[in-house]
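Spelled out from the first residue to the last, the chains are:
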Amino acid sequence: MLSSGSTFSKVASAKPNVPKPGPPLWLLAELTYRCPLQCPYCSNPLDFAKHGKELTTAQWIEVFRQSREMGAAQLGFSGGEPLVRQDLAELIKAARDMGYYTNLITSGIGLTEKRIAEFSEAGLDHIQISFQAADEEVNNMLAGSKKAFAQKLAMARAVKAHGYPMVLNFVTHRHNIDRIERIIDLCLELEADFVELATCQFYGWAELNRAGLLPTRAQLANAERITNQYRARLQAQNHPCKLIFVTPDYYEERPKACMNGWANLFLDITPDGTALPCHSARQLPVEFPNVLEHSISHIWNESFGFNRFRGDDWMPEPCRSCDEKHKDFGGCRCQAFMLTGDASNADPVCSKSAHHGVILAAREEAERASQGMQALTMRNEKASRLIVKV
Amino acid sequence: MTPVDKVPVLRRGYRFQWEPAQACHVLLYPEGMIKLNDSASEIFKLIDGRQDVAAIIANLSERFPDVPGIDEDIFAFMEVASAQFWIDFL
Ligand code: SF4
Ligand code: SF4
Chain A
-2 MLSSGSTFSK
8 VASAKPNVPK
18 PGPPLWLLAE
28 LTYRCPLQCP
38 YCSNPLDFAK
48 HGKELTTAQW
58 IEVFRQSREM
68 GAAQLGFSGG
78 EPLVRQDLAE
88 LIKAARDMGY
98 YTNLITSGIG
108 LTEKRIAEFS
118 EAGLDHIQIS
128 FQAADEEVNN
138 MLAGSKKAFA
148 QKLAMARAVK
158 AHGYPMVLNF
168 VTHRHNIDRI
178 ERIIDLCLEL
188 EADFVELATC
198 QFYGWAELNR
208 AGLLPTRAQL
218 ANAERITNQY
228 RARLQAQNHP
238 CKLIFVTPDY
248 YEERPKACMN
258 GWANLFLDIT
268 PDGTALPCHS
278 ARQLPVEFPN
288 VLEHSISHIW
298 NESFGFNRFR
308 GDDWMPEPCR
318 SCDEKHKDFG
328 GCRCQAFMLT
338 GDASNADPVC
348 SKSAHHGVIL
358 AAREEAERAS
368 QGMQALTMRN
378 EKASRLIVKV
Chain B
10 MTPVDKVPVL
20 RRGYRFQWEP
30 AQACHVLLYP
40 EGMIKLNDSA
50 SEIFKLIDGR
60 QDVAAIIANL
70 SERFPDVPGI
80 DEDIFAFMEV
90 ASAQFWIDFL
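Line by line, the protein sequences are chains A and B. In terms of the numbering used here, the first sequence opens at residue -2 and continues consecutively. In terms of the numbering used here, the second sequence opens at residue 10 and continues consecutively.
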């Protein structure tokens, strides 16, 4: 949703053919992988139970300071569930004092009126609450928790009562997308300023559950049509709520310009200090630097991992000779890796990719799939240990 | 057209600030950022929830006497900024 990033300064740098990156305007602080929920589409790594040690308060603040110096202006606190960190208010205050616009991205579980007031005092700018569905039963089943839905509603109301701007995020998939009207109605009732209706991206846990999550083309078209009707109505009423509808790229013929280009805008620091150019990049067979060993400036400008897919020298065919390569940068590296086995390949969403068949097969599978929700693998420690040997 | 006695104020959750790394003013809001050009920045600097549109026009006309049609630019800015819900009017 970051609508800037027009800074593609193609100035030659020390390394030949690697364009000098713009500043890391967006810093994502994944404070912890701990989370009381168990969403089957979670983007956290499948082996999250293996990751142990989290950065300390002082280490995080140093990350914020260095990144701010490099130009970061937006800071997202996420996780896992960031509310699990007892030092959250302290981190917010430190970041806000440095001039960051501070965003808390939470499931709402663990939020209390008291903490909302505390964060407000610390200078928190905005709170985003993510929902699993507008329907209580589906929401609870997907989140693996019974009280989750009621708690989220209460907290969304409290967030508005404290005067925060609020983004409500609904991850949509085949089990809830048909209720999009109910979802939008609920958001309007809760007075959301922005509503993100994002079909889940198939990384991490979602990839494992893809057949159970991908909506059919008809479902998507219907949801988009309804969203557009609401948009027209809101505009006619001069209503400030903005609806953002994100479609899964499985139904496109060209990939998304993932992250606006590799390591070009976005810097993600994971709980243990590993720096990534995108929150799903950890799965790639690329070595990524850690803030405990290197400065942010080194990580951003010099490190191997961050330069790995900058520019276009790394591209094989069909991207190499494609005249659209500066538009989409060859698509998503993680998706290329997951679906073709080679992270340098064209994103198979592209119809020019030799591997485009896997996408077509997934679409067909979505038409046929009858898998119920019970078949989804819930994101929890036990499942994590079963999938990845620890 | 925006009445001149309306007082513009930034919408709650929106922040206007100078970014040294980008060498420009920006408008920050939930998960987003817009880079502002010089004229928009000059207007934003005066949006403080106290001055009305007339005062903003008077201020800028005095400081930039050589810019023709500055009041029209300011009215146009107010239209866009309120249509985008960046500002509210008191
Ligand atoms: S997606 Fe769900 S399980 Fe994963 S961190 Fe977010 S709330 Fe927790
Ligand atoms: S071939 Fe590569 S660069 Fe060209 S459109 Fe497809 S993914 Fe993009």
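No wet-lab data here; the hints were simulated from the structure. Take these hints with a grain of salt, some might be off.
Said to hold, decoys possible - Below, computed lysine-lysine pairings styled on DSS-like, alpha-carbon distance capped at 30 angstroms:
1) A:Lys253 <-> B:Lys54
2) A:Lys90 <-> A:Lys157
3) A:Lys239 <-> A:Lys253
4) A:Lys253 <-> A:Lys157
5) A:Lys157 <-> B:Lys15
6) A:Lys322 <-> A:Lys349
7) A:Lys239 <-> A:Lys90
8) B:Lys54 <-> A:Lys239
9) B:Lys44 <-> A:Lys239
10) B:Lys15 <-> B:Lys44
11) B:Lys44 <-> A:Lys90
12) B:Lys15 <-> A:Lys17
13) A:Lys50 <-> A:Lys324
14) A:Lys50 <-> A:Lys90
15) A:Lys111 <-> A:Lys157
16) A:Lys349 <-> A:Lys50
17) A:Lys239 <-> A:Lys349
18) A:Lys253 <-> A:Lys322
19) B:Lys44 <-> B:Lys54
20) B:Lys15 <-> A:Lys90
21) A:Lys322 <-> B:Lys44
22) A:Lys253 <-> A:Lys324
23) A:Lys157 <-> B:Lys44
24) B:Lys15 <-> B:Lys54
25) B:Lys54 <-> A:Lys90
26) A:Lys324 <-> A:Lys349
27) A:Lys90 <-> A:Lys111
28) B:Lys44 <-> A:Lys324
29) A:Lys239 <-> A:Lys157
30) A:Lys253 <-> A:Lys111
31) A:Lys17 <-> A:Lys239
32) A:Lys253 <-> B:Lys44
33) A:Lys239 <-> A:Lys111
The structure presented is a predicted model; accordingly, all values stated were derived computationally and were not measured.
Here is what the structure says about each hint:
no., hint, result
1, A:Lys253 <-> B:Lys54, "36 angstroms, violated"
2, A:Lys90 <-> A:Lys157, "20 angstroms, holds"
3, A:Lys239 <-> A:Lys253, "22 angstroms, holds"
4, A:Lys253 <-> A:Lys157, "33 angstroms, violated"
5, A:Lys157 <-> B:Lys15, "26 angstroms, holds"
6, A:Lys322 <-> A:Lys349, "12 angstroms, holds"
7, A:Lys239 <-> A:Lys90, "28 angstroms, holds"
8, B:Lys54 <-> A:Lys239, "26 angstroms, holds"
9, B:Lys44 <-> A:Lys239, "20 angstroms, holds"
10, B:Lys15 <-> B:Lys44, "25 angstroms, holds"
11, B:Lys44 <-> A:Lys90, "25 angstroms, holds"
12, B:Lys15 <-> A:Lys17, "45 angstroms, violated"
13, A:Lys50 <-> A:Lys324, "39 angstroms, violated"
14, A:Lys50 <-> A:Lys90, "23 angstroms, holds"
15, A:Lys111 <-> A:Lys157, "14 angstroms, holds"
16, A:Lys349 <-> A:Lys50, "43 angstroms, violated"
17, A:Lys239 <-> A:Lys349, "34 angstroms, violated"
18, A:Lys253 <-> A:Lys322, "11 angstroms, holds"
19, B:Lys44 <-> B:Lys54, "14 angstroms, holds"
20, B:Lys15 <-> A:Lys90, "34 angstroms, violated"
21, A:Lys322 <-> B:Lys44, "26 angstroms, holds"
22, A:Lys253 <-> A:Lys324, "9 angstroms, holds"
23, A:Lys157 <-> B:Lys44, "27 angstroms, holds"
24, B:Lys15 <-> B:Lys54, "16 angstroms, holds"
25, B:Lys54 <-> A:Lys90, "25 angstroms, holds"
26, A:Lys324 <-> A:Lys349, "15 angstroms, holds"
27, A:Lys90 <-> A:Lys111, "16 angstroms, holds"
28, B:Lys44 <-> A:Lys324, "21 angstroms, holds"
29, A:Lys239 <-> A:Lys157, "16 angstroms, holds"
30, A:Lys253 <-> A:Lys111, "40 angstroms, violated"
31, A:Lys17 <-> A:Lys239, "34 angstroms, violated"
32, A:Lys253 <-> B:Lys44, "23 angstroms, holds"
33, A:Lys239 <-> A:Lys111, "28 angstroms, holds"
Violation of the numbered hints given earlier is confined to hints 1, 4, 12, 13, 16, 17, 20, 30 and 31; the remaining hints are satisfied by the structure.
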